[in-house]
Amino acid sequence: MPGPTAKDIHHALRIDESRCNGCVECTKACPAKAIRVRGGVARVLPERCIDCGECFRVCPRRAIIPVTTTYMDLTRFKYKVVLPSPALYSQFGPNTMPEDILQALLLLGFDYAYDKAYTCELVFSDVKKFIEENYSGDPFISPVCPAVTRLIQLMFPDLTDLILPFRAPREIAAKAIKSDVHKRLGIEESEIGVIHITPCLAKLAAMANPPTEEKSFLDGAVGISEVYGSLLGALKDSKAEKRDQPLHRSSGTGINFGRSGGEVAALGIEASLAVSGVKETFNILKAVERGKLRDIKYLECQICPGGCIGGPLTVQNRYIASNTISSLVKLFGRKLKVEEMTDLEEYDRNYFRLASKIRPQAIPALDTDTSIAIGKMRLREQISRALPGKNCGACGAPDCKTLADDIVRGLASIEDCIFVKSGLAGGRIAELKGIRKR
Amino acid sequence: MKDKIVLSQGFEIQGADFVRGGEASCQIVEALRDLAFPPEIVRRAGIASYEMEMNMVLYADHGMLSLTVTPDAIMIFADDQGQGIPDIELAMQNGYSTATQEIREMGFGAGMGLSNIKKNSDKMQITSTVGEGTKVHIVIEANGARSNS
Numbered sequence: 011m012p013g014p015t016a017k018d019i020h021h022a023l024r025i026d027e028s029r030c031n032g033c034v035e036c037t038k039a040c041p042a043k044a045i046r047v048r049g050g051v052a053r054v055l056p057e058r059c060i061d062c063g064e065c066f067r068v069c070p071r072r073a074i075i076p077v078t079t080t081y082m083d084l085t086r087f088k089y090k091v092v093l094p095s096p097a098l099y100s101q102f103g104p105n106t107m108p109e110d111i112l113q114a115l116l117l118l119g120f121d122y123a124y125d126k127a128y129t130c131e132l133v134f135s136d137v138k139k140f141i142e143e144n145y146s147g148d149p150f151i152s153p154v155c156p157a158v159t160r161l162i163q164l165m166f167p168d169l170t171d172l173i174l175p176f177r178a179p180r181e182i183a184a185k186a187i188k189s190d191v192h193k194r195l196g197i198e199e200s201e202i203g204v205i206h207i208t209p210c211l212a213k214l215a216a217m218a219n220p221p222t223e224e225k226s227f228l229d230g231a232v233g234i235s236e237v238y239g240s241l242l243g244a245l246k247d248s249k250a251e252k253r254d255q256p257l258h259r260s261s262g263t264g265i266n267f268g269r270s271g272g273e274v275a276a277l278g279i280e281a282s283l284a285v286s287g288v289k290e291t292f293n294i295l296k297a298v299e300r301g302k303l304r305d306i307k308y309l310e311c312q313i314c315p316g317g318c319i320g321g322p323l324t325v326q327n328r329y330i331a332s333n334t335i336s337s338l339v340k341l342f343g344r345k346l347k348v349e350e351m352t353d354l355e356e357y358d359r360n361y362f363r364l365a366s367k368i369r370p371q372a373i374p375a376l377d378t379d380t381s382i383a384i385g386k387m388r389l390r391e392q393i394s395r396a397l398p399g400k401n402c403g404a405c406g407a408p409d410c411k412t413l414a415d416d417i418v419r420g421l422a423s424i425e426d427c428i429f430v431k432s433g434l435a436g437g438r439i440a441e442l443k444g445i446r447k448r
Numbered sequence: 366m367k368d369k370i371v372l373s374q375g376f377e378i379q380g381a382d383f384v385r386g387g388e389a390s391c392q393i394v395e396a397l398r399d400l401a402f403p404p405e406i407v408r409r410a411g412i413a414s415y416e417m418e419m420n421m422v423l424y425a426d427h428g429m430l431s432l433t434v435t436p437d438a439i440m441i442f443a444d445d446q447g448q449g450i451p452d453i454e455l456a457m458q459n460g461y462s463t464a465t466q467e468i469r470e471m472g473f474g475a476g477m478g479l480s481n482i483k484k485n486s487d488k489m490q491i492t493s494t495v496g497e498g499t500k501v502h503i504v505i506e507a508n509g510a511r512s513n514s
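For the record, the sequence lines run as chains F and X. For the first sequence, this note's numbering begins at 11 and goes up steadily by one. For the second sequence, this note's numbering begins at 366 and goes up steadily by one.
Don't read these hints as lab results, they were simulated from the structure. Beta carbons are placed, not taken as given, at the ideal position from N, Cα and C, and that holds for glycine. One or more hints might be untrue.
Stated by the list, open to error - Below, a sample of chain F positions facing chain X; criterion: calculated Cβ distance under 10 Å: (1) 170; (2) 192; (3) 302; (4) 378; (5) 379.
Said to hold, decoys possible - With a cut-off of at most 25 Å between alpha-carbon atoms, the simulated PhoX-like pairs for lysine-lysine come out as follows: (6) X:500 - F:302; (7) X:488 - F:185; (8) X:483 - F:296; (9) F:386 - F:431; (10) F:302 - X:488; (11) F:225 - F:193.
Stated by the list, open to error - Counterexamples of contact, computed for chain X against chain F with all Cβ distances above 10 Å: (12) 380; (13) 407; (14) 496.
Same shape as in the complex, but just chain F:
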């Protein structure tokens, strides 16, 4: 779709055209209706994609490829820090401790492994204070899942003001790591690379395309599934290794951020809700839009079912993963480690809060001029009525309604419909062709 910003939006997936055969699975699975099949291959409309990864999950030919950081990208850094999502702790069963995993990451060639779960605990102790002081009738929406943030920017533009004005814990951690390493080892911040181990595509995209104008402190991201094999090998060695410094600092509360409900549990605010999954997130945001959540102070939304443990780049079955988290939460307890920690100098608490607002990035209206837009909408309704309504997807759009929308936006033509083309669409098409000529 031609748009002034389309070029500037970077997404975390690309389509391997040699594998894509133009089937319509991804166009149908996309909750944002951001994929069309054109010229026999799937194409992503960058300004509509929310990076949820649903297309990646359903593609039967593995033609949707996450664009992650390669080893070569990392060689430019003098000092490499790995920052795994707490969801990583859920992937190896209840007998593998977070410490084992962090140590195993060092064996893969990182200079330091940082426990992000700890940052989550720390940030959310401030979030709790913020909500208690600032709640005024509308729920604050979690800023953690970047796909949810983008979904709100695009499809619920009037709710962007409700997104909690905090930076995501991964960004806060990345900044803290850089200033800490610089202070301790004298390495320039530009020579320190912070690499996120991610369960999803959304965090990859958010690095290149942050929700506000400011730039990300992360330097790369690698999917859990990409490091899983080598981590399994390294884990055997890491368990036997002698450790000079413990890397795992979080309590069960921080580890719990890997799954849906983790934020709500950390806040301990009774009037809060945790929702996960694309459809469920859509529905709850609709409810917010209608003013139905006025008694709720905090709304945690995660685009993946079950939270980050259900991410498209995870390996473990998410129910098993959730069970592992339950075991770890029990083992490490819910009492925040943050309260007993004294080494918080690396954190600049002022940085927790966003400096600029998250702005809507609404899908363009039919026309900026309402009069013209009204005309286009009437035409769209006529086209919609004339199309067969079978939603076969053969035109390349996910359904007839979307094809009608594409047609009035000048992105498709009515002959893209195979029923129209083969003369099987019925009498209304003739009527429509008359309108189009005029």
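Following the hints, put chain X in place on chain F, whose structure we already have.
Below, chain X alone, put in the same frame as chain F:
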């Protein structure tokens, strides 16, 4: 002369249909977004139309929710056949409701419906005949506040 360009859409509402209740106002919101109305206007229209729609689902046998749009204003009209409102002035007060216990248990009937509609519209007109039905007409002005993004 611009006012001649009009879009009209109608949605049939079935009383007590809680499964589909709310769909019409969703479609209204989508349409207004496509028509380049600014988010605040869309939000107000969304809340008001949702309350109008749910009032029909809760209290009427059936009804019609209609949207009329000109470049300068959004008009929403709810016309139902149902129990009607005996005392409109009373019904407009915050917290006043005739909702049954069952309706309240579903999270509706807090007595904010009509006042919410009023709060989110620029003009509101309501007429009702007990035993026949209720008509609610609202206007949201969109003058000058059009966004270009």
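Hints, verified against the model:
A cut of 10 Å between beta carbons decides the hint on residue 170 (chain F): the least distance to chain X is about 8 Å, and the hint holds. Hint status for residue 192 (chain F): violated, given a least beta-carbon distance of 39 Å to chain X, over 10 Å. Hint on residue 302 (chain F) holds. Least Cβ distance to chain X is approximately 8 Å, under the 10 Å limit. Evaluation of the residue 378 (chain F) hint against chain X yields a held restraint, the C-beta minimum of about 5 Å falling below 10 Å.
The criterion of a C-beta within 10 Å of any C-beta in chain X is met by residue 379 (chain F), whose closest approach is roughly 7 Å, and the hint holds. A distance of roughly 24 Å separates the Cα atoms of residue 500 (chain X) and residue 302 (chain F); the hinted pair therefore holds under the 25 Å criterion. Restraint check for residue 488 (chain X) and residue 185 (chain F): not satisfied, since their Cα atoms lie roughly 51 Å apart, outside the 25 Å limit. For the hint linking residue 483 (chain X) to residue 296 (chain F), the alpha-carbon distance of about 21 Å falls within 25 Å, and the restraint holds.
Between residue 386 (chain F) and residue 431 (chain F) the CA atoms are separated by roughly 23 Å; this keeps the pair inside 25 Å, and the hint holds. Proposed proximity of residue 302 (chain F) and residue 488 (chain X) is supported: the alpha carbons are some 23 Å apart, at most 25 Å. For the hint linking residue 225 (chain F) to residue 193 (chain F), the alpha-carbon distance of about 22 Å falls within 25 Å, and the restraint holds. The claim that residue 380 (chain X) lies off the interface holds: its Cβ sits roughly 19 Å from the closest Cβ of chain F, which is beyond the 10 Å cut-off.
Taking the minimum C-beta to C-beta distance to chain F, about 6 Å, the non-interface status of residue 407 (chain X) is violated against the 10 Å cut. Under the 10 Å C-beta cut-off, the non-interface status given to residue 496 (chain X) relative to chain F holds; the minimum distance is some 30 Å.
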